[in-house]
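When you get a sec, could you build the whole thing from the sequences and use the hints?
The listed protein sequences derive, respectively, from chains Y and G.
Residue numbering for the first sequence follows the numbering used here, starting at 21 and increasing by one per position.
Residue numbering for the second sequence follows the numbering used here, starting at 212 and increasing by one per position.
Among the clues, some could well be false.
Stated by the list, open to error - With a cut-off of at most 30 Å between alpha-carbon atoms, the simulated DSBU-like pairs for lysine-lysine come out as follows:
no., chain 1, residue 1, chain 2, residue 2
1, G, 565, G, 362
2, G, 565, Y, 237
3, G, 419, Y, 194
4, Y, 237, G, 362
5, G, 362, Y, 104
The hints are simulated quantities; they were obtained by calculation from the structure and are not laboratory data.
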Amino acid sequence: MNNSLWAEILVLGVVLTNFRLLASSRLFGLIDTMQIQAIALCAIPIALAPSASALSFRLVMLALITLAVKGWILPRLLKHAVQKTNIQREIEPFVGYDFSIMVGIILLGVCFLISYRFGTDANLSSHFLLPSALFSLLIGLMIIISRRKALTQVIGYLTMENGVYLFGAALAIKEPLLVEMGVLLDVFVAVFIMGITIYQINSEFDHIDTDRLSELKD
Amino acid sequence: MLLHIVLIPATLGLIALVIRNRPLRWLLLIAGGVAHGISVVLLAMHRNGIPFNEWIGLDDTGLLFLSITSILFAAVSFYTILYLSREAGQTTQDAVEGFLFVNHPESIFIGCLLLFLSAMSLVCISRNFGLLWVAVEATTLASAPLISFHKHHRSLEATWKYLLICSVGIALALLGNFFLSYAGSGRLHLNVEALTSHAGQLNPLWLKASFIMFLVGYGTKMGLAPMHNWLPDAHSEAPSMVSTLLSGALLNCAFLGILRGHSVLSAAGLRNFSGELLVFFGLLSMLIAAVFIIHQPDYKRMLAYSSIEHMGILSLGIGIGGLSGTGAMLHATSHSLTKGMLFLCSGQLLHFYKTKNAADVRHVFKTLPITGFLWFAGFLAITGSPPFGLFTSELVIFKGIIENSRWFIAGFYLLFLFVIFIAMAKIVIPMTFGQAEQTMESNSQPNDFREQIWFSGPSVALCAGVLILGLYIPSRLWQFMAHAAQNAGGR
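Structure below.
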């Protein structure tokens, strides 16, 4: 049982949670799925380490902090926003759930195709990582585009951000700790400010349907 | 010591967030602007003594953009004090639809303004791509509450679009960072110096991929078409001084992100690839701006589209390189000053006429002589008429294009500039000229058409700056601009 197998199981978990995100209409369910995805995500860099001695302080520290922010604080923040706005589900998305899943399956295939083109010359740590990263990114974008509620769009943004994180793991990027912390802080503040804005939109409009925010246009 | 240029405004901003005393808060804002200005002057004088380290350093390009930011912030902080004292009441009437709304707390506004300045300064001095990314995202976050200062449905809509579109864009730029790191096989630090000096070792395929991500990511923030959708909304709904900072300072800072990537590609011998992409997106932005400025009913949106046009010109100039690159640097300076002056004037127009519809604004010359004069001068300047700075810079860029014998690009460049000139003239000239009609006067009695002269102070100063840049450019300044363009990957 080597480590890369564990990593691949975790990556598979990320892919499956992406499908769950596409299929779910309840906002609480979406947030829970996000949480599972984030936990799987944080474990991937550790699972990728070739041996226990290769686990540096930096790696473990980073995984723990990411876990705290993406796996605990952000879901709590989002659930708080759901309770505040009292909007529980995504009703009538632009793209239906069944169709979303179909598109998801096609996208997954496309991601594998693209990754094989790019991955042939690259000494990647795992074959599944790069396509899954790309897949998460695209699913995030798709959720942002195809859902109405502002909160669902925030979840899409986080999924996309997870995809970028997975890219970092796939390409074995070692950015300085300071930068990684800065990135996390920015994501956290971004979601925080988005949450406040959603709350304000809700109290101003009595809804958070972004397609009805359409007064400004040419 | 260089970090103080970030830390001073950040500290003042955090203090402003918590204190309750109103005059003290205003004092903090002015102090932040003045301290930043003085620091920039001192830095410019003693720049050679400051070593670059892995994280920060001040090169010519950074210093130029930092100075622009500082000048605009000084003008804006002065205007903001007047503006806030005018909106001293608990509720304000919406200038367009007439309903009453409550502003967000002033402490948040002033605090975020200072934090915004701090984040933009960090963008200008960072030499590490990771830090640069963090700083650019921080500018988005610090400026989002500024856009929704007037808490009503339109500003909230604009804020949401801004937050979401820019955050998504910037996430792609982070991907660009990863690709860049991978291009160096993870051995090189993501430091501009390290990357440019070892550019030969970088994998060209991944390097190209990373530049595309930078262009899409930072380009979203910069307002390059077709990623510009948030820009007209945010610029038209934000209070005028915020629009000034967004248009004059923030867009430049985002451009700096692209320029850093461009300089690495130039060093790696891929200048043609990144240059052509910049030229393409530059021309496309000019085209989109021209299309939307024609018959634009809203004068603040007209200014916003004009920003897209000028970002296109900057991108085009840097993409062509050589003399055009120098012209682009000059253009960035003149555009920021002019756009600052125009947005501050538009704030005055909005306050007096209570409408953003250009067709309802008439005979500004008669009713508000100083604002009218500045508005018209600003229109001449922004469309590149002599004797203003933008005329010189647009001419220099044109000369650069001709020197490279890119005839088609030169043709399109002139065509778009010409179309935009005509389209803006058709909007602005009816606004400024004409006699005061009696009926209009009686309708707008409660508006109290007494010009508040102090409000024009910052615009007058900016106007003088653009005029001087158009009349005389000292050779030292020209050298400086040329260096700045070279650092940014010019030939």
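Going down the list of hints, with the structure as the test:
| no. | hint | result |
| --- | --- | --- |
| 1 | 565(G) - 362(G) | 17 Å, holds |
| 2 | 565(G) - 237(Y) | 20 Å, holds |
| 3 | 419(G) - 194(Y) | 20 Å, holds |
| 4 | 237(Y) - 362(G) | 19 Å, holds |
| 5 | 362(G) - 104(Y) | 19 Å, holds |
The earlier numbered hints are all upheld by this structure, with none contradicted.
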